[in-house]
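Enquirer: The chain contents come next:
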Amino acid sequence: MSKLKNEEKVHDVAQKEKKREPLVEVKDMVVEFKTERSIVHALNGVNLTIYRGESLGLVGEAGAGKTTTALGILNLMSEESARIVQGDITYDGKSVFKMSNHELLSMRGGKVSMIFQNPLTSLNPVFTVGEQIAMPLRKHMNMKRKEALKEASKLLEMVGIAGGRVTDYPHQFSGGMRQRVGIAAALACRPELLIADEPTTALDVTIQAQILELMKGLQEKYDTSLLMITHNLGIISELCQRVAVMYAGKIIEEGAVDEVFSRPAHPYTVGLLNSLPKLTGPRERLVAIPGHVADPQNLPSGCSFHPRCANCTERCKTETPDMLSITDHHSVACFNPMNQEYNNG
Amino acid sequence: MDNKLYESQADVRETEGKEPLVRAEHLKKYFKVKKKGMLHAVDDVSFEINQGETLGVVGESGCGKSTVGNVVMRLLPKTEGSLYYRGIDVFRANKEESMYLRKKMQIIFQDPFSSLNPRKTIYHILAEAYNIHKIGTKAEIAQRIHDLCDMVELPQNLLDRYPHELDGGMRQVVGIARALSLDADFIVCDEPVSSLDVSVQAHIINMLMDMQKKLNLSFLFISHDLSVVRHISNRIAVMYLGQIVEVTDADEIFTNTMHPYSIALLSAIPIVNVGKKTKRIVLEGDVPSPMNPAPGCRFAPRCWMAHEDCKNSDPPLQEVTPGHCVACFYAKQARERSEELRKHLLK
Amino acid sequence: MDKKIILNRMKHNPFFIIGATIIVLLLLICFLSPLYIQFDPTVSDLANKFQAPDLSAGLSSHILGTDNMGRDVFTRLVVGGRVSLTIAIIVVALQISIGVILGLFAGYFGGVIDIIVMRLCEIVLSIPQLILAIAIMAVMGPSLSNLVFAMVFGGWVHVCKVTRNNVLVLRKQEFVQASIVLGAKTPHIVLRQIFPNVLTQIFVVGSQRFGESILQEAALSFLQLGIQAPDPAWGNMISAGRTFMATYPWMVVAPGIALMLAVLSFNFLGDGLRDILDPKRKV
Chain A
1165 MSKLKNEEKV
1175 HDVAQKEKKR
1185 EPLVEVKDMV
1195 VEFKTERSIV
1205 HALNGVNLTI
1215 YRGESLGLVG
1225 EAGAGKTTTA
1235 LGILNLMSEE
1245 SARIVQGDIT
1255 YDGKSVFKMS
1265 NHELLSMRGG
1275 KVSMIFQNPL
1285 TSLNPVFTVG
1295 EQIAMPLRKH
1305 MNMKRKEALK
1315 EASKLLEMVG
1325 IAGGRVTDYP
1335 HQFSGGMRQR
1345 VGIAAALACR
1355 PELLIADEPT
1365 TALDVTIQAQ
1375 ILELMKGLQE
1385 KYDTSLLMIT
1395 HNLGIISELC
1405 QRVAVMYAGK
1415 IIEEGAVDEV
1425 FSRPAHPYTV
1435 GLLNSLPKLT
1445 GPRERLVAIP
1455 GHVADPQNLP
1465 SGCSFHPRCA
1475 NCTERCKTET
1485 PDMLSITDHH
1495 SVACFNPMNQ
1505 EYNNG
Chain B
67 MDNKLYESQA
77 DVRETEGKEP
87 LVRAEHLKKY
97 FKVKKKGMLH
107 AVDDVSFEIN
117 QGETLGVVGE
127 SGCGKSTVGN
137 VVMRLLPKTE
147 GSLYYRGIDV
157 FRANKEESMY
167 LRKKMQIIFQ
177 DPFSSLNPRK
187 TIYHILAEAY
197 NIHKIGTKAE
207 IAQRIHDLCD
217 MVELPQNLLD
227 RYPHELDGGM
237 RQVVGIARAL
247 SLDADFIVCD
257 EPVSSLDVSV
267 QAHIINMLMD
277 MQKKLNLSFL
287 FISHDLSVVR
297 HISNRIAVMY
307 LGQIVEVTDA
317 DEIFTNTMHP
327 YSIALLSAIP
337 IVNVGKKTKR
347 IVLEGDVPSP
357 MNPAPGCRFA
367 PRCWMAHEDC
377 KNSDPPLQEV
387 TPGHCVACFY
397 AKQARERSEE
407 LRKHLLK
Chain C
15 MDKKIILNRM
25 KHNPFFIIGA
35 TIIVLLLLIC
45 FLSPLYIQFD
55 PTVSDLANKF
65 QAPDLSAGLS
75 SHILGTDNMG
85 RDVFTRLVVG
95 GRVSLTIAII
105 VVALQISIGV
115 ILGLFAGYFG
125 GVIDIIVMRL
135 CEIVLSIPQL
145 ILAIAIMAVM
155 GPSLSNLVFA
165 MVFGGWVHVC
175 KVTRNNVLVL
185 RKQEFVQASI
195 VLGAKTPHIV
205 LRQIFPNVLT
215 QIFVVGSQRF
225 GESILQEAAL
235 SFLQLGIQAP
245 DPAWGNMISA
255 GRTFMATYPW
265 MVVAPGIALM
275 LAVLSFNFLG
285 DGLRDILDPK
295 RKV
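Protein chains in written order, with our numbering: chain A, 1165 to 1509; chain B, 67 to 413; chain C, 15 to 297.
Calculated from the structure, these hints are not laboratory results. The reader is advised that the hints may include incorrect statements.
What the hints assert, rightly or not - Here are the simulated BS3-like cross-link-like pairs (lysine-lysine), alpha carbons at most 25 Å apart as the crow flies: (1) K199/C to K170/B; (2) K1308/A to K1318/A; (3) K199/C to K204/B.
Chain A extracted, bound-state conformation:
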């Protein structure tokens, strides 16, 4: 029974892809950061596409390059230390690195908006929440102050906060509510793409559930594309249709969520799934991925994962694998991908 459902969901994705055009295309991005002592290879050939109206999950551990990619889409990488070695990111066909200042400013907050991990610091403490939600409205939609505040009030209602609280300051809200305010501000101008960078990591489980339900509801209502960055596979399973797994600055596996999680191909993805303690099923010994996460200042040769990989061969040490399609909705960058059903329990 569950297999049928699987196929339905995959078919869904296929249909969506046919209707959808690509909104954001990250092509072969290679980005370095210069520090005092060495070079940090943050992105090493990232290829990613976000289609209109779909939710893409970006999974990876700390240092994998997820936030750098997100900032790249908004062309917010630090100019002093970041160096774009090669590659391009296009938004709606236009390269973000070639956009004029005016175009960039209208993109940020208008067509693309972002919510961040820490609700304590992502709101300005000296402005009321109403003013902060109104800011993008006034800038991008040219609303007058009164009008914008009225709309802000409606937006607060939309995220489950009493509209009258437009005049309250951030410190008067709890973490979960501040995150909702952040979501309201991000959705104010009905963006085409919402980037969420670990939005619920700092929140309690039950509050996280509230935010996830909210986001699901908004997704259905507004058809906004979502780039959900997190290390929590459960969130991606619930919220996203596609998932991309990142390791050491590269996308190493990508495809429909259900397919990637039920038939993970890359040894890293398999390792990740095996190392998570489960809520149900027998309590088997966790299989930790041996070794340490690849150091972006000192990347291994060939496939960055090879020192930790059980399937490692000579070829893996010298050549870097390209993304290969396994099925229509599943690709992996590996010379020896895994090939079994994975029991999610």
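Could you slot chains B and C onto chain A? The hints should help.
Expert: Just chains B and C now, kept in the frame of chain A:
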């Protein structure tokens, strides 16, 4: 560990099978907050832990789980209650007993950054215990530390490094070694893997469980992550606003959840759920603070099945089925509702 | 920290090297002065007054000229320097001792002790340090011990506050709690766990205090409340030479530059030490 660097009369104390290793009775910890009143961080918490067993404590912010750990380790003075380790009254221990307890009851902290002194080498951090208790000659201590490192698989060459040169996982391993340096057999683990990368968590969890088996350790495992707690615990206690609302075996809490809060908590967890839709109970409002709690059930204001009488009296923690205690007047009804939700969690 | 690592870092840190070198030179020049000076710093020789700097005969000539009383400026400079530096060393040592001890107590124990110490600090801080020193000197009279007292009285506060603030933060760190749980008693925790972490800050503050003390003593001597004529000190040399600055600048320039070098080098030393003693900084 046979390497006995210490021999004290207190050490010879042994308890036979039945008596739990650690017993807490009606622990209370209140904080006075200026102009606001009394914060009931821990409000009447009792539990027992047998030798070789793990009691997991879960809950969200403000539930008091970390405070319980701090009170048990005497890092915070209790407001009321008693604690017994191998029959010794911990809060009334005399000097000799107190030093003995410091060896046998230890803690592992959450933050691998701040739990190691940044100005000391790993060797000195591990040697501190022996210096404090004035045990062993320099050579004996060195040997002992060597053995500790072997036991936790910490490479010997890291001994003369500084904490900032190690990654989070290794630092936590040092924390574990430190806790075991004086042959402790009861360890409070306060969110030991929450600050670690996902792929390192597994390594630390495995190590803790291996150590437990090898050395017959008992853990009070505090965490907000239910899947981790489930993996490592024999019994699990769910806390809300300073009280234990449900406590039972680790499996039973998932198969037979009875308290409305526990049910909501479990349903809130996002899981990798191939092909199925999640149905969850979403609690309204924020996680409240345990300040000046009103009479009646503390969960009632947010409870999805609160009744009128819930606001009038505080439901006691009672055994509903053998080994399963719940603090709710309507536990059985809540259990029935949770059946529907359970279907999405289990295959 | 490992001595080898510290020594190695010292060799590579430009601030430390420059600062330390200048200080060592100053100390050597000033404290070894009795061995090589050719002139008497206090005896007047009016026939030779206002002589311009003359390097012809090495140390036998007035290499920095003479002042309005015919005394050799260079001699007065190095002898005065000895006095100024000695006072600064004593004052800073006392400031640090008092400030650190009070800061440790206030920070670690908190409560009433903290309140008392903080109020003391505030009382002292409410009066500008220099004016306070002037007032004390004016009341107690210009002796060396009074001078030291006046300077320490206002200066310990800064050290105390820095220490206390650091201790407050450190006290809450988990490695301190780990120590308590291992059975450590308070003296052990304060001395072995907390103090080493405060040390870096103390070195930095100490260097700043040094620079400040030298300046303060110079100011007091300038106002003739510190070292009294005819004994030389950099401050009273500037004071005496002030009127003649336009025509015989060397009287003022020499002690001025000496002051500047001393203060700068102590600041450099402080910065350098801060970097060297921080285990987290990569070499």
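Enquirer: Run every hint past the structure and note whether it holds.
Expert: Now the hints, each set against the structure:
no.	hint	result
1	K199/C to K170/B	holds (17 Å)
2	K1308/A to K1318/A	holds (16 Å)
3	K199/C to K204/B	holds (21 Å)
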